[in-house]
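Trainee: Residue numbers (the numbering used here), protein chains in the order written: chain P, 3 to 615; chain G, 3 to 615; chain X, 561 to 911; chain C, 561 to 911.
No lab work stands behind these hints, which were simulated from the structure alone.
Treat the hints loosely; a few may be bogus.
Capping the alpha-carbon separation at 25 Å, the derived lysine to any residue pairs in SDA-like fashion look like this [to be verified]:
1) X/K721 <-> G/E141
2) G/K269 <-> C/G663
3) P/K453 <-> X/L613
4) C/K578 <-> G/S422
5) G/K269 <-> C/K901
6) C/K859 <-> X/D848
7) P/K176 <-> C/G723
8) P/K453 <-> X/Q890
9) P/K468 <-> X/R584
10) X/K721 <-> G/R255
11) G/K488 <-> G/T576
12) P/K468 <-> G/P61
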Amino acid sequence: MEHLDTAKVDRVNDFAFKIANTNGTGSASANGLIMQAIFRMGVPVSGKNLFPSNIQGLPTWYEIRVNGDGHTARTPVYDLMVAMNAETYARDIKELRQGGYLLHDSTWPLSDAVQRPDIHLLGIPLAKMCRENFEKPREQVLMKNIMYAGALAALLDIDMKVIDGLLEEKYGAKKSMMAMNHKAIQLGYRHAKQHFQCPLPFHLKTMDGSHSTRDSILIDGNTALALGCMFAGATVAAWYPITPSTSLMDAFRGFCAAHRRDPETGKNNFCILQAEDELAAIGMVLGANWSGARAFTSTSGPGISLMGELIGLAYYAEIPAVIVDVQRTGPSTGMPTRTQQGDILTCAYASHGDTKHILLFPANPEECFTMAPKAFDLADRFQTPVFVLSDLDIGMNDWMCPRLKWDDTYRPDKGRVLSSAELSAMERFQRYSDSDADGVTSRTLPGVHPKGAYFTRGSGHNKFGKYTEIPDEYQEVVDRLTHKHKSAAKHVPAPDIRTMPGATIGIVTVGGCDQGVREGIELLAEQGIKANFMRVRGFPFGGNVEEFLRAHETIYVVEQNRDAQLRTLLVNETGIDKARLRSVLAYGGFPLSAHHVVDGVKRQLTQQMGEAL
Amino acid sequence: MEHLDTAKVDRVNDFAFKIANTNGTGSASANGLIMQAIFRMGVPVSGKNLFPSNIQGLPTWYEIRVNGDGHTARTPVYDLMVAMNAETYARDIKELRQGGYLLHDSTWPLSDAVQRPDIHLLGIPLAKMCRENFEKPREQVLMKNIMYAGALAALLDIDMKVIDGLLEEKYGAKKSMMAMNHKAIQLGYRHAKQHFQCPLPFHLKTMDGSHSTRDSILIDGNTALALGCMFAGATVAAWYPITPSTSLMDAFRGFCAAHRRDPETGKNNFCILQAEDELAAIGMVLGANWSGARAFTSTSGPGISLMGELIGLAYYAEIPAVIVDVQRTGPSTGMPTRTQQGDILTCAYASHGDTKHILLFPANPEECFTMAPKAFDLADRFQTPVFVLSDLDIGMNDWMCPRLKWDDTYRPDKGRVLSSAELSAMERFQRYSDSDADGVTSRTLPGVHPKGAYFTRGSGHNKFGKYTEIPDEYQEVVDRLTHKHKSAAKHVPAPDIRTMPGATIGIVTVGGCDQGVREGIELLAEQGIKANFMRVRGFPFGGNVEEFLRAHETIYVVEQNRDAQLRTLLVNETGIDKARLRSVLAYGGFPLSAHHVVDGVKRQLTQQMGEAL
Amino acid sequence: MTFIPKPRVVHPGLPKNKLGLTVRDYEGAMSTLCAGCGHDSVTAGIIQAFHELDTEPHRVVKLSGIGCSSKTPTYFVNAAHGFNSAHGRMPSIATGANAANRGLTYIGISGDGDSLSIGLGQLCHAIRRNLNMLYVIENNGVYGLTKGQFSASADVGTKSKKGEANAYGPIDPAILALSLGATFVARSFSGDKQQLVPLLKAGLRHKGFALIDVISPCVTFNDHEGSTKSYKYTRDRNVEISHADFVPLAAEITAEVHPGGATAVTMHDGSTVRFTKVAEGYDPRSRDKAMAYLMDHQKSGQVPTGLLFVDETAPEMHEIAGTIEQPLNQVPFEKLCPGNKALADLQEAFR
Amino acid sequence: MTFIPKPRVVHPGLPKNKLGLTVRDYEGAMSTLCAGCGHDSVTAGIIQAFHELDTEPHRVVKLSGIGCSSKTPTYFVNAAHGFNSAHGRMPSIATGANAANRGLTYIGISGDGDSLSIGLGQLCHAIRRNLNMLYVIENNGVYGLTKGQFSASADVGTKSKKGEANAYGPIDPAILALSLGATFVARSFSGDKQQLVPLLKAGLRHKGFALIDVISPCVTFNDHEGSTKSYKYTRDRNVEISHADFVPLAAEITAEVHPGGATAVTMHDGSTVRFTKVAEGYDPRSRDKAMAYLMDHQKSGQVPTGLLFVDETAPEMHEIAGTIEQPLNQVPFEKLCPGNKALADLQEAFR
Ligand SMILES: Cc1ncc(C[n+]2csc(CCOP(=O)(O)OP(=O)(O)O)c2C)c(N)n1
Ligand SMILES: Cc1ncc(C[n+]2csc(CCOP(=O)(O)OP(=O)(O)O)c2C)c(N)n1
Ligand code: SF4
Ligand code: SF4
Ligand SMILES: [Mg+2]
Ligand SMILES: [Mg+2]
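Just chain P, with the same shape it has in the complex (with noise of 0.2 Å):
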């Protein structure tokens, strides 16, 4: 990873740097802190927090990125590593570029397994501090990890101010609480300013002006999605507990209790149903949707293999569906805490016989509350499932992005569903006949009309509805299918293009690489390699998609999965010579950085040349 040696040593806004921990140990509330005391500076900057399938005790990171022109991808190598966790000394050690320093907890000398004579050391004895200033254990945990936030204050330039003024947002009520963690702060910061020359070489700078943060906000995509299925209208949501999902959900509850309420009754405008299973859940997505309600369901992977029956079941007889799979790593149980892009082909053609799904991909919580709305309106247009493949890493990390804004002239697009007054004009109703140029046919909803009346089944069915065994009569009404599947082409996303005057290479990535990506290019860029940028955001894949792999000789695709599968998607659905496309692949369940793809591309394009030769 060449930037560990090229690494300038005075930096202003613009360095990473890692806390190792112990999680169960409330640290997450002192890493946000800092993370958001930055964040309020205006200093671009992104966190990455790499827990463990584990409720206590078990190692955790805690990786923040500030980077002035805005790069947010994660990275691997750290300027500063606060190394609160003997137990991954070694490792966390060994991300450090050279000169780097080592914040640690001198209460206890070093263990030999710091070996590294090129990097500086920071002792400070937290755990000594905080027996002496704190009386009950749980507190001196706590105010331990407070203790490391005061001095990384001190060490990085941090806005005491701002870090004031969030401690007084968050505990301004309870004041002990208050008092218990301002004490905190002080002491590592004294500390530091004490002992350290303070601030270190890299360090933070208030900004103002284009990339400063002020337009900005914090937020992570479940709740990004939550919110924008709200907003989308959505009445029923169903699910089952899994990470990295969960938190989409819990946040759906909370922004329906705070907006969904009715003023006069107090009763609830939606209801939530934690299902049995993800059988069920998907099961309770089909009825409400089908009695014309707005109904999601969020899951991961697992919950995926477990819906594969019941989605082919909404996908032949036509049923709206919105299902939200935040990605984790595969396959079976996988690493549950740990992020990948590993389901495109699953959900691309879930469930056994012939089968095809709309899938939307967004790339950051912003997209992640657009594309809501967007789901919504194409299951109901286009009568059946679609998947928004988010992934932990978007799903369960805060990025900073753009203010999110709402078209409050946006009106639910609800497809082709006949009303009563439609249906008592109408001398008869068949349900998938009167297919229109999208190969979309019109429903209708239980109790609204006598002729509105169907059989809806997952048998094999004639255009009119009525259960079929004749080979025609059950063809006409899946190759209708295929058109349908095609006509959504339109109306999904188009895909993000950049291109570089010059460039000949094409690079295609899909989702949470986009960051990553867009770096990495920035950076193969400088080294003269000039490549032009496509990211997919939904499939079927529209026109322009193979119009830009026609475009380009050579393509990289980058994916966070072993097996290829959007370029493999990319190949089976479009009519581009495979032999074009070349991966790259990280999937070992971290965020994607900026080095993947330049290691990535570089190597094969000197294989190339050595092909060449």
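Starting from the known structure of chain P, fit chains G, X and C with the ligands onto it as the hints suggest.
Mentor: Chains G, X and C with the ligands alone, transformed into the frame defined by chain P:
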């Protein structure tokens, strides 16, 4: 369908007839009787049973094709129609070739539906004769069928001695039944002899020599696969009833009852578990294989969808499993009594996350038998799920095939399982280390030796089998799984390749399309279109599959699904240029017939010429 | 199943209900089940029940899983939306449909295979949610549509058509439901319309989850000598331990009261369920007593039928969830979307 | 979970069992659960039970689903094969493992979420098959591993950490099991080792499916004031209605007999379960009485614990299936494959 007009009029051992009836009337035994009688005359014959997903009272058809050259694919045009179901007269009569014959019950006048001057009517007052000759209503229903069987014997020149022999074998014990059936046969036979000019221009003639059926048997694929599983040493079977796979487990139970009862104790050397659903069935199969038994399940599409999650567990935890998918028409419940090849992709990539599985594609009952032990050997050797993709046509229809043979020297390939001795000899056992060239590591069975103990998990694990969330450790294991899957290519059955001098076109197909495609190739050759044939028999694809593809500029992939799933798999998993592969698809639910191939290929060839111009 | 529409012969004589509809107006497509199948009798009972309840046909939602029993919603109330879903998944789909529109009448038809094997988990949780619907299990002890395998309700020792005896203990839907806190539990017999129809009516009017286990013989695979789900066996062993009449709101009460014990239960809509016959010491309002009685008789081989237990007071799913009265699928979008101003405000929390 | 192997300090003092093994030989990896988690106490009880039963460690098979509870098999009997399967699917996997090898001792650890929600159907059917295993539900009323959502065993009114009250009725595993014909049903409390260990031993020796519902508080998400699954609440409400001692075969019986009612039950291997304390009028050999008692106390808010019901006579899965004694995974291939001659003969039927 041109053969209609070109149909030769006077033909011996080369014609087709169809019996239209209502299900639940016991027509099966009458139809089986005729089919078997023709078979015993040494004449190649095939029967396709087109039955409804219902128990009683709906239309059902039985199609019998007689072909001295041994062509047994379905043919959609008939020389003789036995129309016993007034409800389907109109449809049935359409399927008669010009100059064909209609055998109907003349007890009542023929409905006006019958508007074809170009066919011959053969009316027999079957109902009336039944009333006159049999008392009980049920008898009258049943004997009506036996009676038309008798008439057919006269019309087609079926050897009456053979028929008497068959009745004797079947009813020898039950005298009254014997008498009744014999009487009915004779009534029909004599009536035909008296009133019609027998035999018809197309009729039977006892055969000996090359194509004769003397050394063949008449068996369905489910029965053959059940036999194969018993011979392979399967001891545990878990299943949940679903058409068209149910008869497989019924047969397995029957064979085990006959051949697997311990002579001394009368106890079972097998354990068949009717699970509460497919999720449980696959769970039981995993548990049993994990413990070292050979265990399998049989199901159809919906079951595969439900098994998805645990299939991923088996893949990642490396547990052997044999899963028989007797495919039916999807998606969803689809048409449970119609055939299709629609689960190819679902099975190849079953479960969320990065997964790839081993697939076997039998084409007929003989291969169902031979591929069963192959499936268990591969599952044990590669410690992974193996799918046997049969279908309703192969599984439930009676096929003529050479007598099955068994190599008594066969011993199960249990793969790398450590014995108690080996374990006590070794220093330390680590589940996922010591990979061999194929990427397979050795496993242990519960209860064998303390040193063999390990913890099986679907969560992230390193090569020692320990839980991990570290990228490199995780990747090391899943990368080996990729290599392991690739290695299986050398071990799956090689494709069936048949070349033709001067052929430039390649035709690729799979499973039950075998007969129809091979006959189609002959017909095309007669019309001057020469094509080479390849039937894929296993996935991952071996080198010779890719070779064949590379060797042909234009390739037609013939398969029975809407989405060209075999083609997709070939494109994904070989280096072949997608553009070369064109699809010929038939997915209405009926078995493939040669004309699908001929029409499909010719249509596209003329198109291409058009394009060429 | 081909759907030969039944000729709508006009029978001037047929009695009309309050909506002016005759029983024919509650019929469906022609049944494609085997002649004599118990399920067809249940269908007939359902048609009569809806007619007598003056139900608006199109305000009914009929759902089912997969099986011969699950085919039957096609055979009643043509003017109602129907959903023949997937095997064992009807409860969850009914839950979602009801969540979206609490204003309709929901009836689910299932089989013993559909409900007690693959669908057992969903059935139990629908009971737990007290989902407001009538859930009918057409119980024949076998998987009819897949040709006669034993189901989880098959009794120990019952014989298959081939003569094999079942060895696994049965799951009794009524006992199971009681143990899970079901608020309406009844058992009946497809051959006893007198008893079945009032139970169906009461179940349809019950607030919450009403389970009716209807012994409904499979003439093709499980009606032979040695079967404990045959017509004959059920007729012989069937003991009605509490006969309930359904008395619609404001109708004059005529049925004579039986001596002692339970007399009547008032439904949430004001109609009453009147017990004209209750076994000595049996009280259909006491879960414990009902359970004790059933467990006791399970051994005896008797088949206790009737309205076994009813509790009209427990909250149903929407009451538990605190949903508004208005069906959620009819709430105007304006009420659902807080709008851009609210969005701007709430984002202060994300600074 | 990183597995810091525990230093195998040799304690010369530690008592050895018949196999010469100390309790340390039955331990597993170091627990990664929260300090104070009830599950760790259950693990300790299991370790003691196996040690006292003189079980050969490698003849044990330990299985689980997914959840904090399901992690615990890693923490006991290192020398045994373990299978941490998928959420809610352990019963089917245990069924298959047992089908393949009936010669081993099977213990399954699950949670209330794993068993009563996603896994409910499989649990019920394992009970129905009387699968020969000990099945422990570590019941804390919440989904621990996913951070504290209510599970199906949460009582009405119990409060979440955030203060929301649960509104859905609970599924009581013991009542459910009794209603399904379970042959061994017990309830205990992770905080009461005296009671738990003998129950675990009896359950391990029981022939058939032994279910033990262990209230095992989640200190992180469900041990607060207002929770009905907290240590305090359970300690206060826990009433032991039948205390069972496990007396291994041929051991001298010392425990004093309690006056009247049940005294002892002999297990199939000759060992005995001895009741030293049984509530007045309670009989752990009567399913009906047990059920009546539990249903009665469900309302009272009491938590009846002890060996609630046992029936040692019912056939377990293999007896029902008629499988040979020899484990199927050890039957020589020669016995399984009929060979070519037989194949030729049987094909006559296909001519
Ligand atoms: C996932 C799935 N598995 C299996 C089947 C096959 N199947 C159809 S109906 C049925 C059982 C029906 O039994 P029951 O519910 O008792 O209905 P009955 O026919 O007896 O009325 C089964 C197993 C299916 N349709 N779907
Ligand atoms: C198919 C699937 N859905 C959801 C999850 C997420 N999940 C993991 S553990 C768990 C619940 C655990 O609760 P419980 O069984 O009570 O165990 P506890 O942690 O309380 O001991 C859930 C929902 C999963 N792993 N798999
Ligand atoms: S098979 Fe049985 S259940 Fe199905 S329709 Fe026939 S009689 Fe009824
Ligand atoms: S979260 Fe609860 S159940 Fe899980 S380990 Fe911690 S205390 Fe135990
Ligand atoms: Mg049934
Ligand atoms: Mg729990």
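Trainee: None of the hints should be skipped; say for each whether it holds.
Mentor: Right, here's what the structure says about each hint:
1. X/K721 <-> G/E141: holds (20 Å)
2. G/K269 <-> C/G663: This hinted pair holds, its Cα atoms lying about 16 Å apart.
3. P/K453 <-> X/L613: holds (21 Å)
4. C/K578 <-> G/S422: holds (23 Å)
5. G/K269 <-> C/K901: It holds: about 23 Å lies between the C-alpha atoms, which stays within 25 Å.
6. C/K859 <-> X/D848: Measuring from Cα to Cα gives roughly 11 Å; hence the hint holds.
7. P/K176 <-> C/G723: holds (19 Å)
8. P/K453 <-> X/Q890: Cα-Cα ~20 Å, so holds.
9. P/K468 <-> X/R584: Holds - the C-alpha atoms of X/R584 and P/K468 are around 21 Å apart, at most 25 Å.
10. X/K721 <-> G/R255: holds (16 Å)
11. G/K488 <-> G/T576: holds (11 Å)
12. P/K468 <-> G/P61: holds (16 Å)
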